[in-house]
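Trainee: My request is simple: use the sequences and hints to build the entire structure.
Going down the list, the protein sequences come from chains A and B.
Per the numbering used here, the first sequence runs over residues 1 to 112.
Per the numbering used here, the second sequence runs over residues 1001 to 1117.
Hints in this document: simulated from the structure, not taken from any laboratory.
Being a predicted model, the structure only gives us computed values, none of them experimental.
A hint or two may mislead.
Unchecked claim - No farther apart than 25 angstroms at their CA atoms in a straight line, the calculated lysine-lysine pairs in the BS3-like style are these:
| id | chain 1 | residue 1 | chain 2 | residue 2 |
| --- | --- | --- | --- | --- |
| 1 | A | Lys2 | B | Lys1068 |
| 2 | B | Lys1024 | A | Lys42 |
| 3 | B | Lys1024 | A | Lys45 |
| 4 | B | Lys1024 | A | Lys99 |
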Amino acid sequence: RKEVEQDPGPFNVPEGATVAFNCTYSNSASQSFFWYRQDCRKEPKLLMSVYSSGNEDGRFTAQLNRASQYISLLIRDSKLSDSATYLCVVRTYTGTASKLTFGTGTRLQVTL
Amino acid sequence: DAGVIQSPRHEVTEMGQEVTLRCKPISGHDYLFWYRQTMMRGLELLIYFNNNVPIDDSGMPEDRFSAKMPNASFSTLKIQPSEPRDSAVYFCASSPGQGVNGANVLTFGAGSRLTVL
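Mentor: What follows is the structure in structure tokens.
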């Protein structure tokens, strides 16, 4: 089983739609969670951290469910500019070191 | 700040040749990471350094791959000899720390796209 698994995508949604992505992680010791966004042929960039109580940043809402070991990202009122690949990222601490593990990403295409 | 600087941006080489990828992290960042990205496997961590010291190289695929960080502002990833299956985008990233604070996350360079024929 992969350490971090995401919806395969692609998700094709019309502008203005609400879309949600899920991500599951296998290591219950994982402590920090993030969503990164990667545009085509560009580098990944941090979209938002995911906090235990859930958090919102404008049209974006992230949720964490530690019991079920999944993370979600909700995008409301989708814009054309939201088209990108969304990477779920999990940080796991082992002693004094830590490791960031990336999911393979979910591609979103927002259309007119 | 210029961000994380990688070179070359694109490299096409023939099987068996040596490839050297370079990275300049953001000044003041103590951690440097090398990732490889392919369609099939996504982003894979190859190795990371803390204060120029390699901490975890378990992701380095085999002995053909080596990475160095001679000082705080420069790192190299070398593949010798290169093979077609090494074709991928190689990203360097840096981080000021590893705390749970959301500020301590990775800033990626633009990547080096490697094609081995």
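Trainee: If a hint holds in the structure, say so; if it doesn't, say that too.
Mentor: Checked hints:
Under the criterion of a C-alpha separation no larger than 25 angstroms, the hint pairing Lys2 (chain A) with Lys1068 (chain B) is inconsistent with the structure, at around 29 angstroms. Taking the CA atoms of Lys1024 (chain B) and Lys42 (chain A), the gap is near 18 angstroms; set against the 25 angstroms cutoff, the hint holds. Our distance criterion of 25 angstroms between C-alpha atoms is met by Lys1024 (chain B) and Lys45 (chain A), whose separation comes to about 17 angstroms. This hinted pair checks out: Lys1024 (chain B) and Lys99 (chain A) have alpha carbons roughly 21 angstroms apart, not beyond 25 angstroms.
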